[in-house]
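Knowing the structure of chain C, use the given hints to seat chains R, Z and F on it.
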Amino acid sequence: MKGQVKNIFIEGPISGRFIGEKIAAHQSKTIIGGHSIFLGQVRGDILQDKKVVAIEYTSYPDMALDIMNKIREDVILKYALTCMHVYHSLGKIKAGEICLFVFTSASHRKAAIEACSETVERLKAELPIWGKEIFEDDSFQWKVNHGGHGGH
Amino acid sequence: MKGQVKNIFIEGPISGRFIGEKIAAHQSKTIIGGHSIFLGQVRGDILQDKKVVAIEYTSYPDMALDIMNKIREDVILKYALTCMHVYHSLGKIKAGEICLFVFTSASHRKAAIEACSETVERLKAELPIWGKEIFEDDSFQWKVNHGGHGGH
Amino acid sequence: MAVKVYLFGKLKELTGQAELVLEGISDTDQLINEINTRFPKTKNIPCLIAVDKNIVHSITPIKEGQELALMPPYSGG
Amino acid sequence: MAVKVYLFGKLKELTGQAELVLEGISDTDQLINEINTRFPKTKNIPCLIAVDKNIVHSITPIKEGQELALMPPYSGG
Numbered sequence: 000m001k002g003q004v005k006n007i008f009i010e011g012p013i014s015g016r017f018i019g020e021k022i023a024a025h026q027s028k029t030i031i032g033g034h035s036i037f038l039g040q041v042r043g044d045i046l047q048d049k050k051v052v053a054i055e056y057t058s059y060p061d062m063a064l065d066i067m068n069k070i071r072e073d074v075i076l077k078y079a080l081t082c083m084h085v086y087h088s089l090g091k092i093k094a095g096e097i098c099l100f101v102f103t104s105a106s107h108r109k110a111a112i113e114a115c116s117e118t119v120e121r122l123k124a125e126l127p128i129w130g131k132e133i134f135e136d137d138s139f140q141w142k143v144n145h146g147g148h149g150g151h
Numbered sequence: 000m001k002g003q004v005k006n007i008f009i010e011g012p013i014s015g016r017f018i019g020e021k022i023a024a025h026q027s028k029t030i031i032g033g034h035s036i037f038l039g040q041v042r043g044d045i046l047q048d049k050k051v052v053a054i055e056y057t058s059y060p061d062m063a064l065d066i067m068n069k070i071r072e073d074v075i076l077k078y079a080l081t082c083m084h085v086y087h088s089l090g091k092i093k094a095g096e097i098c099l100f101v102f103t104s105a106s107h108r109k110a111a112i113e114a115c116s117e118t119v120e121r122l123k124a125e126l127p128i129w130g131k132e133i134f135e136d137d138s139f140q141w142k143v144n145h146g147g148h149g150g151h
Numbered sequence: 000m001a002v003k004v005y006l007f008g009k010l011k012e013l014t015g016q017a018e019l020v021l022e023g024i025s026d027t028d029q030l031i032n033e034i035n036t037r038f039p040k041t042k043n044i045p046c047l048i049a050v051d052k053n054i055v056h057s058i059t060p061i062k063e064g065q066e067l068a069l070m071p072p073y074s075g076g
Numbered sequence: 000m001a002v003k004v005y006l007f008g009k010l011k012e013l014t015g016q017a018e019l020v021l022e023g024i025s026d027t028d029q030l031i032n033e034i035n036t037r038f039p040k041t042k043n044i045p046c047l048i049a050v051d052k053n054i055v056h057s058i059t060p061i062k063e064g065q066e067l068a069l070m071p072p073y074s075g076g
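Chains as they are written, first to last, in numbering that gives the first Met the number 0: chain C, 0 to 151; chain R, 0 to 151; chain Z, 0 to 76; chain F, 0 to 76.
This is chain C alone, in the form it adopts within the complex (with noise of 0.2 Å):
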């Protein structure tokens, strides 16, 4: 691995907290005018007449640092990004926990904005990051992301 490779590993949920220590780090950085977050957080679906009480992450960790380390590159330098973090789960997250947090932060609103969604949708099409979906009854299946318009 790279020295300057950023783990995004997190091992359980994202705590709200987090997220707001994070936020109020940015405030010596007086070039930024904007933020954009997005959060990703586990539905408690049914789905086959089973509700989803967790989900649980799994990745191949090196790869995936080695590919977002590519994508905010490829984000920071297309967006004139101030700065970018980005925080995925591991283990198993509960219903209504969060599970990934993406934050950007540039001087003008539009390239904050549209780069988290890039990252966003990058991050979902390039890492190789599995879900399995956990029912009441300890029951699974293995979670299918349904596109959007991915990262290629």
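A couple of the hints might just be wrong.
Said to hold, decoys possible - Facing chain C, according to a computed beta carbon distance under 8 Å, are these residues of chain F, among others:
1) Y5
2) F7
3) A49
4) M70
5) Y73
6) S74
7) G76
Stated by the list, open to error - Derived DSS-like pairs (lysine-lysine); straight-line CA-CA distance at most 30 Å:
8) Z/K40 x R/K131
9) Z/K40 x R/K91
10) R/K109 x C/K49
11) Z/K3 x R/K5
12) C/K28 x R/K49
13) C/K91 x R/K131
14) Z/K52 x R/K91
15) R/K91 x Z/K42
16) C/K5 x F/K11
17) R/K109 x C/K131
18) R/K28 x C/K49
19) R/K109 x C/K50
20) C/K28 x C/K109
21) F/K52 x C/K77
22) C/K69 x R/K77
23) C/K77 x R/K50
24) C/K28 x C/K69
25) C/K91 x R/K21
26) R/K77 x R/K28
27) F/K11 x C/K69
28) C/K93 x C/K131
29) F/K11 x C/K93
30) Z/K52 x R/K5
31) Z/K11 x R/K49
32) F/K40 x C/K131
33) F/K52 x C/K131
To be verified - Reference excerpt, derived from the structure (chain R facing chain Z, CB under 10 Å, subset only):
34) T57
35) S58
36) Y59
37) M62
38) A63
39) H87
40) K91
In short, the hints are calculated from the structure, not lab data. In this text the structure is predicted, and so the values were computed from the model without any measurement. For every residue, glycine included, the Cβ atom is placed at its ideal position computed from N, Cα and C.
Here is chains R, Z and F on its own, set in the frame of chain C:
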């Protein structure tokens, strides 16, 4: 003012902690799959060789809340949102501090993201709020919003 | 007939008034003329007019008890 | 020649293996055939192949010491 009109105004800056608490309050809503957040932060721009140290916001609150109520109803219906929260600061907000917090939640990410962006554009175009840019020597100038695509 | 007029942003600064009570104003053109006469500095300031919290885009009659507002272009967010 | 193969998601579940060391594999088609032969349940599972953490889309030679991975379609986020 109608009974269901929600206040959006906060005296002073919006803290990371407040934002984190609002996020955490959504854990019980397990039909949500994605949250989109936009944060406006006061930039320390250099204008005519002088640095902006703060923006002082004033409003015509009764009119602003009526219009925000209409924007909220339109956008929630259009994107089938689970919920929307909007906060705007009044008073003197220092460079680096957050003055706008728009928070939309939906079952699927595209609805949350597009709704957030549309709400930001509409409130900038439609809400009677004025920013006065204050320089380090206490002189000031009235802020001018440069478009985006507006909301009309 | 007396009407109350709120002034905001740069218009409040230039007039030194947050609100005024005006007599004998029967439409929005008269309102603008009266303000520009009393406060000549406001003449070239772009200005939106709200009658009972609704923006009006053309000359509009004013009735007793209505709430008027003169507003520079918005710059929130 | 021995190569290490990582298995993920549903492929890890169906094989009961997180990693395997395979002998005598010289390209990615041979890799897939070997896995399908050892673990017949994997035959109809859509599968991406990574060689040294890069996805390959056509038959690719495998060299000693490379890191291989068999991965179902991604479902992160």
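Legend entry - Cut-off 10 Å, beta-carbon criterion: hint that R/Y59 touches chain Z: holds, 6 Å
Inset, instruction - Classify the hint on R/H87 as holds or violated, based on whether any CB of chain Z lies nearer than 10 Å to its CB. - result: Because about 6 Å separates R/H87 from the closest Cβ in chain Z, which is inside the 10 Å limit, the hint holds.
Legend entry - Cut-off 8 Å, beta-carbon criterion: hint that F/M70 touches chain C: holds, 5 Å
Legend entry - Interface restraint verdict for R/T57 against chain Z (beta-carbon cut-off 10 Å): Interface hint status for R/T57: holds (7 Å vs cutoff 10 Å).
Inset, instruction - For the pair supplied as a hint, Z/K40 and R/K131, confirm whether the alpha-carbon distance does not exceed 30 Å. - result: holds, 18 Å
Legend entry - F/S74 as an interface hint toward chain C, with CB separation required under 8 Å: With a minimum Cβ separation of about 4 Å from chain C (threshold 8 Å), the hint on F/S74 holds.
Inset, instruction - Could you grab the alpha-carbon distance between C/K5 and F/K11 and see if it respects the 30 Å cut-off? - result: holds, 26 Å
Legend entry - Pair hint Z/K52 and R/K5, alpha-carbon separation not exceeding 30 Å: Cα-Cα ~16 Å, so holds.
Legend entry - Agreement of hint R/A63 with chain Z interface, Cβ distance less than 10 Å: holds, 8 Å
Inset, instruction - Take the C-alpha atoms of Z/K3 and R/K5, compute the straight-line distance between them, and say whether it is at most 30 Å. - result: Answer holds: Z/K3 to R/K5 is near 25 Å, not above 30 Å.
Legend entry - 30 Å limit on alpha-carbon distance, applied to hinted pair R/K77 and R/K28: Answer holds: R/K77 to R/K28 is near 20 Å, not above 30 Å.
Inset, instruction - Please verify that hint: F/F7, Cβ, nearest Cβ of chain C, below 8 Å or not. - result: Given a least distance of 6 Å, the restraint on F/F7 holds.
The structure is inconsistent with the numbered hints 13, 22, 40, although it conforms to all the rest.
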